[in-house]
Amino acid sequence: MPLNIIEKFSISYMQILDEKGNVDPELEPDLSRDDLLKLYHYMTLSRMVDSRMLNLQRQGRLGTLPACTGQEASFCASVLAIKNTDWFAGSYRELGGRLMRGDSLLNLLYLYNGFEEGSYNYENNRTLPISIILASQLPHAVGLAYGSRLQGEKDTVALVLFGDGSTSEGDFHEALNFAGVLNAPVVFLCQNNQYAISTPRKLQTKSATIAQKAIAYGIPGIQVDGNDVLAVYKSVKDAVTRARNNEGPSLIEAFTYRMLMHTTADDPTRYRDDQEVERWKEKDPLKRFKIFLTNKKLWDDKKQLDLENELKQTIDETVKQFESKNDFKPDAPFDYVFEHPGSTLEEQRMDFLENLKKETEND
Amino acid sequence: MPLNIIEKFSISYMQILDEKGNVDPELEPDLSRDDLLKLYHYMTLSRMVDSRMLNLQRQGRLGTLPACTGQEASFCASVLAIKNTDWFAGSYRELGGRLMRGDSLLNLLYLYNGFEEGSYNYENNRTLPISIILASQLPHAVGLAYGSRLQGEKDTVALVLFGDGSTSEGDFHEALNFAGVLNAPVVFLCQNNQYAISTPRKLQTKSATIAQKAIAYGIPGIQVDGNDVLAVYKSVKDAVTRARNNEGPSLIEAFTYRMLMHTTADDPTRYRDDQEVERWKEKDPLKRFKIFLTNKKLWDDKKQLDLENELKQTIDETVKQFESKNDFKPDAPFDYVFEHPGSTLEEQRMDFLENLKKETEND
Amino acid sequence: MTKINMVQSLNRTLHQIMESDEKVLIMGEDVGLNGGVFRVTEGLFEKYGRKRVIDSPIAESSILGVAIGMAISGLKPVVEMQFSGFSYLMMHQLEGNASRMRTRSRGQFTVPLVVRMPYGGGIRALEHHSESKEVYFAHTAGVKVVIPSSPSNAGLLLKAAINDPDPVIFMEPKRSYRSFKENVSDDNEKITLGSAQILKRGDDITIISWGAMMRDTLKAVQDLEEETGFNPEVIDLLTISPMDTRTIVESVKKTGRCVIIQEAQKSFGPASEIIALINDQALMYLEATVKRVTMYDVPFPLFGRELLYMPSIEKIKRAVLETLNE
Amino acid sequence: MTKINMVQSLNRTLHQIMESDEKVLIMGEDVGLNGGVFRVTEGLFEKYGRKRVIDSPIAESSILGVAIGMAISGLKPVVEMQFSGFSYLMMHQLEGNASRMRTRSRGQFTVPLVVRMPYGGGIRALEHHSESKEVYFAHTAGVKVVIPSSPSNAGLLLKAAINDPDPVIFMEPKRSYRSFKENVSDDNEKITLGSAQILKRGDDITIISWGAMMRDTLKAVQDLEEETGFNPEVIDLLTISPMDTRTIVESVKKTGRCVIIQEAQKSFGPASEIIALINDQALMYLEATVKRVTMYDVPFPLFGRELLYMPSIEKIKRAVLETLNE
Ligand SMILES: Cc1ncc(C[n+]2csc(CCOP(=O)(O)OP(=O)(O)O)c2C)c(N)n1
Ligand SMILES: Cc1ncc(C[n+]2csc(CCOP(=O)(O)OP(=O)(O)O)c2C)c(N)n1
Ligand SMILES: [Mg+2]
Ligand SMILES: [Mg+2]
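Residue numbers (the numbering used here), protein chains in the order written: chain A, 3 to 365; chain B, 3 to 365; chain C, 32 to 357; chain D, 32 to 357.
I should point out that these hints are in silico values taken from the structure, not numbers from a laboratory.
Ideal placement from N, C-alpha and C gives every residue a C-beta, glycine not left out.
Accuracy of the hints is not assured; some may be wrong.
Ranges of calculated distance between the beta carbons of each label pair, as one might list FRET restraints [said to hold, decoys possible]:
1. Tyr316(D) - Thr362(A): 32 to 42 Å
2. Ser210(D) - Glu349(B): 30 to 40 Å
3. Arg209(C) - Glu325(B): 27 to 37 Å
Pairs of lysine to aspartate or glutamate residues, derived as DMTMM-like cross-links and limited to a Cα-Cα distance of at most 20 Å, are as follows [stated by the list, open to error]:
4. Lys327(B) - Asp311(C)
5. Lys284(C) - Glu357(D)
6. Lys360(B) - Glu337(C)
7. Lys284(D) - Asp234(C)
Just chain A, same shape as in the assembly (with noise of 0.2 Å):
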C-alpha cells in the first residue's frame, strides 16, 4: 500500500508587466487614468525623496536612513490597493507608501533627525508609525483588523509590510498563524528584497519561496513580480477583497530588490557583487512603468520632466522648511509617557528643567 496524500499545495508567480514593459492582458487589472498616474506621482516622488534624504544624511543633516530606492512598485501599488480608512502598518523601508498614505515629508524629516514629532501622521490616523523590532508589527495588523470589525466596521482590512528577514521570526509566525484562527481581514506583504542586511535570503530560510510558508497557515499564498505594479496591485486587491469578503488573511511574497545600502550605515559592497546589482537595474520597477503608461499615451518626455520639477521644487521647499526649524521643546519626550503621569514622573520632568536651566545658565 502506498502512502496516502491527503493535502496538495501548490504556490503560483504572478507577472504582469514585465521588464520589457509588456503587458499581459488577461491579467492586466481595471486601474483608472488617475490611479495609474498617481502611482507613478508616488513612486516617483519616493526615489527622489529617498536620494535627497540619503543626500542630506551624508552631509550630517539627518541621522541614520533606510534607502527604500528599487522597491517602489512593491510599496506604492500595494498602498494604493487599500482605503484611507484601511489600517496601515509597515516597518521602515516603505517611503513611497509611506508618503500615499498622509505622512508629510517634513515629519519624516524630522523624524530622521531624532525627533519623535515626526512620527505624527496628520492626515491619516490608521497608518501605524514605523516600526523597528521586525515582525512585531504583524500582531498589531491583525488585532488592528479584528478589533475594528468587532467595532461594527464591515469593511475594513489591514496591510502590512515586513521584510524577507522578518519572517525568521518567532512574531511572524505567530501573527500569521492568529491570523488564520481570527480569519481576520489581513494581508501579509513580505519586500523580498534578497537581503536582511548582509544576510541573503537564502541563509534566511530552507524553503523555496516566503509565499509558501503561507500553507504552514492554512491561508492563500503568492509569489509575484514586486518590481511590476500591476502585479503587486492586483495581487494585494485580490487578497484585500477575499478579506472584505470574510475569507480571512493571505500572504503575498513581493519579489524585488534592495537596489541601496541597508541603512547609511551600511556598506553593500562588503557581501555582494555590482554585477548582481546591475542586474536588477534591468528590472527597475520605475522604468517599465514608464514605458506602460508612455504606450498607453498617458506619460511622455514633457511630463516627465514637469513632474521631476515639480517634485523638486517641493522638496527643496520642505528641506527649507525642516531647516529652519530648532525649537523643539526640550522636556517632550516627558510628554507622552502616560495620559496620567503622576507625581514622580511630574518631578522628574522639573528636575530635568530645572538642570537644563542651570547648564544653560553655565554656558
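Please arrange chains B, C and D with the ligands on chain A, whose structure you already have, making use of the hints.
Same frame as chain A, now just chains B, C and D with the ligands:
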C-alpha cells in the same frame, strides 16, 4: 496567460498497524523480536506508572502531574528509533519515552514531589530534563544536533517531542527554520493529541495538518497514526536515517489523543464529551500492538499476566523507596546556581541556614 | 453582602465591566470555554461569546501583540498570561511597543490594555509557575504595574486598570486566589492606581509589602503586637510602578525604621527601589538599617522546598524585631 | 604595543580565543561575512569558516535557544544580539532555560555561553538602539552580567566571560566602541568576573559607575579635582551581577558619601541595588544621601534629545558637589 505554478507540495499519511491489528506488509518495518518486546514492555510500564502516579497525586503524595495514557505509541516507538548516544528532548508528556531513555521512576517521583534532585538522569546524559516552557526545547535540540556534529560526531542526531499547541509558539517556527538553514540533524515530532489543555486543535491553527507546516521550512513533513507503533517507528526511523546522512531535519505529526486530563489540575469534562473519548478508546495503541504481537506468536495472556505482575512489583518497590526518603538537603537550591557562585550567594546560603536553624530551634 | 474570594472578586469585576463596556474584550490561553485555568474568566464565554472572549493560540508574544492592535483600534483588551512565568515571551512587545506607542506616535495611538497574570509561589506548582518578576515590568517606562492583595482591593484595582488609558501589568498573587474571603464593595475611594494603602497607622516602624506577602505580614504584625505591644505602620503598596513615594517617605520620616517584605529574589528587587527612595528623601530620619525580607538569588526552587525559601511569618517577625532593636 | 579601541580589543580577544579553543563558536545576525554591524567579529568568518561563524536567521529567541543546545553539547557559543534593544525577544530562553539548566539538571547540563550585545545611548541611533536594561538580566538568578568600560578591560572581561562555565550577558557600551584608544595587555589580574575595580583611591567620596558613563565620570572627577582639590574614590563596577559588594561597602565606609552614575532609567535601576547594599552594610557611615545620576523614567528619547536626558559631565559634577556639601 494563466498563473505560473512554481512549487508543488503534498502531505502524506502513514498507518501500518490499523485499529483492528491488521498490518500493511509493504510498509512494516524490520523490528527484531527483542525490540518489539522492549517496546511493549515500556508502553505497558508507562501506562501502569501513569495510573499509579495519578493515584499518588490524588492522595496528596505528589504535586501537579500531566497524564500520558493513550500516547504510548507516539513517545515510546519514537524513542526506540534513536540510539542512546543521540540526543533526546521532550516536554512533559512522554513518560514511557523518558523511562526508555533511562530516567528512573524513583527520580520522577522525587521530581513530581517537588525536588530538583529527580531531574538527574543517571543512565543517560543525553536526555534533557523535562521542559515546561512550550516549544522552548526545540531550538535546544537544533543546537545539540549541530554542536555534536561540529565536535566530530558524524552520526549523532537529536529527537525532540512537543505538543500540537506548542506549534503556535514563535520558538517552534524559529527552531524549524533554523534547523533547515543549518541542515541540522534533528527530528521534530509533534504529538498532536488534539488538545492544548482545553483548546482544541482547530482553534490552534487553521492549517489542515500540522505536518504541512514543514513546507514553510523546505523540509519533509508527514502525518502518521500516532497510536500505531509501526508507523511512528518507521517515520521516525526514516527521518533519523535522513538526518544521519546529512539530509537535514524533518517534521512528523503523530496523530494521537490524550485519554485523560491535561494535568491533575484539569477537568476535561468542561471542554469535551465522553463520546469523543470513547471513540478514541477504540484506537488504543496498546490494544492493537498486543493483537499484533499475539498474531506474531510473541505474546499471550500468560505473558501479559507475568509482565503486569512484574511491573506492579517494581513500581510498588519504587514507591516504597520514594516514600521512605525525606532527607533532602534544604540548601540544595544554592548548589547549582553557578559553578563559581561568589560571596554574595554564599552569604545568602549562610543566612538561609541560620534562619532555618532559628526556626527549628523555635519549634 | 456575602464574602467572596479573590478569584470571585476578579471574576465579578470582569462580568460587570463586560456588561457595561462593549469595548472590553478577553483573550488568552484557555480563558473561554474553560474559564481560565484558575477560573478568573469563568462564565464570560457563555455570556459574551467567542468574539469577545477569545481562546487564543498558545503564543504569548502575539497575545500581547494582537491586543496592542485591538487597543489601538479602540478596544480595551484584558489579556491573560496563563502564568507570569510565561510572560517573558512578550517582553519585546511590552518594552518595544505597548509601553511606547503613545510616546512614539505623540499621543496619536494609545494602548489601553491590561495584562493579567497569576504570579508568585506557595501553591505547590511546577517549575516556572512561582516567580515574582514585577521588576522586569516596573523597570519598563510607559507601563504601570499593579498587584492586589485581597478580594476587596483586587476587583477595584482591576476595574481601575481596565479604565486606565495606558497599558497595565496586573499581577495576581495566586496564593491569595482562594485562601481567604472578604466582603467586597464597589466603592473605596482609596483604591486607585498609583496609591499605596496604609492598612494600619502607627509610629514605631514602617512595614511595607504587597501581593501574597501582605497577608503573612499582617499575621506577623498581629503576633508581634500581641507579644510586644509595638505600634507599627503597615503599608500595602498595591501599585508597584509608578510607586507611591509620598506615602512611603512620610511614614518612614515618622517611624525612622522600615522593613520591606518581598517575594521576589533579593538582588535588584522592588525593595531596593524602596530603599533608594527612602535614601533620597528620608535618610536622615532613619534610626536603623532598612531591612529586606526576600527570596534568595536562586532560581525559584521546586515546591518541595519553596516555603523554606519564601519570606515566612517567622522571618518577618525576626526582621521586625531586629529592626526595632537595632 | 599600539593603542587600540574597544572594538579592536574585543575583536582581538575573539581571534585569540577562536584560535586557541576549538569549542568556541560565533553566531548572530550579520556576524559572518559582514563582521557584525559594529565589526566586532570582523575577520573571523574568513578565518574559521561558516561552521564556526554562523550568520543566523533573524530570530533572537532561537539564537539563544540554539546556543543553549550547542553549549550543552560541549561548545562555548559566543552569540551576538545585534542591539540590546532586541534582546528582550530572548528573555524566556534566558530566564527559563539558560539561567536554570544547571540547577534544573543538578549540574548534569551546563550552559557555558556568552551573549554579547551593544547597548546604551549617545551615538545618534534609531529607536530601540539606545536602552540600558542591565537590570532585566541582573534580576535573573543564574546569569552573570558584565559591562566593560575601556579597550583594556573589554578584551580581558570577554575572555573571562567566555571561559566562565555559566551564562554571561556581556553588554558592550557602544558609545565607547571607538571613542578612545588604549594600550591593551593580556594580563591584569584585577580584571576578573565579579570584581569591581578601584580606578582612583581617595577618601572624600565614593563615585561608582560602569559602561560608557565611566569615561564621563572620570572627566567630571578630573575637572572637580582641578577645581576643588577633593580626593574621590572612583569605582568601575565591571560586573553588575553578582555585584562586588565588598569593594563598594568598604569604600563607602571610608568616605561616608557616594554618587552613582547610571545610564539606565531611574526607577528600579542598578543604582537602587547599590543603595540597598550600602543601606544593609554601611548605613551608619553615611554622612550624606547617596545620590543617583540617571536617565529619567521615560522611554529612551530619539537622538535629537538624547544627550539632554543621559547623565552628562555637568550633571555628574553637580551631583558630586552637592553630595560633598550636604
Ligand atoms: C527584532 C529585531 N532584530 C534585529 C533587528 C536589527 N535589524 C534591523 S533591519 C534588519 C534586517 C531586516 O531584514 P528584512 O526583514 O529583510 O528587511 P529589509 O531591511 O531588507 O527591508 C535587522 C537584523 C531589528 N530591527 N529587530
Ligand atoms: C510558553 C508557555 N505558555 C503556556 C504554558 C502553559 N501550558 C502548559 S501545557 C499547555 C498546553 C500545551 O498543549 P500542547 O502543546 O498541545 O501539549 P500537550 O499538553 O497537549 O501535550 C499550556 C498552555 C506553558 N507551559 N508554556
Ligand atoms: Mg530584506
Ligand atoms: Mg496537545
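Regarding Tyr316(D) and Thr362(A), is the given constraint of 32 to 42 Å on their beta-carbon distance met? Once the Cβ atoms are compared, 37 Å apart, the range 32 to 42 Å for Thr362(A) and Tyr316(D) holds.
Should the hint that Ser210(D) and Glu349(B) are 30 to 40 Å apart at their CB atoms be regarded as holding? holds (38 Å)
Run the distance test for Lys360(B) versus Glu337(C): straight-line Cα separation, threshold 20 Å. holds (18 Å)
Does Asp234(C) sit within 20 Å of Lys284(D), going by the straight-line distance between their CA atoms? Distance ~30 Å between Lys284(D) and Asp234(C) Cα, so the pair is violated.
Between Lys327(B) and Asp311(C), does the CA-CA distance stay at or below 20 Å? violated (51 Å)
For the pair Arg209(C) and Glu325(B), does the Cβ-Cβ distance stay inside 27 to 37 Å? For Glu325(B) against Arg209(C), whose Cβ atoms are near 29 Å apart, the range 27 to 37 Å holds.
Within 20 Å, alpha carbon to alpha carbon, are Lys284(C) and Glu357(D)? Holds, at roughly 18 Å.
Going through the hint list in order, the structure does not satisfy hints 4 and 7.
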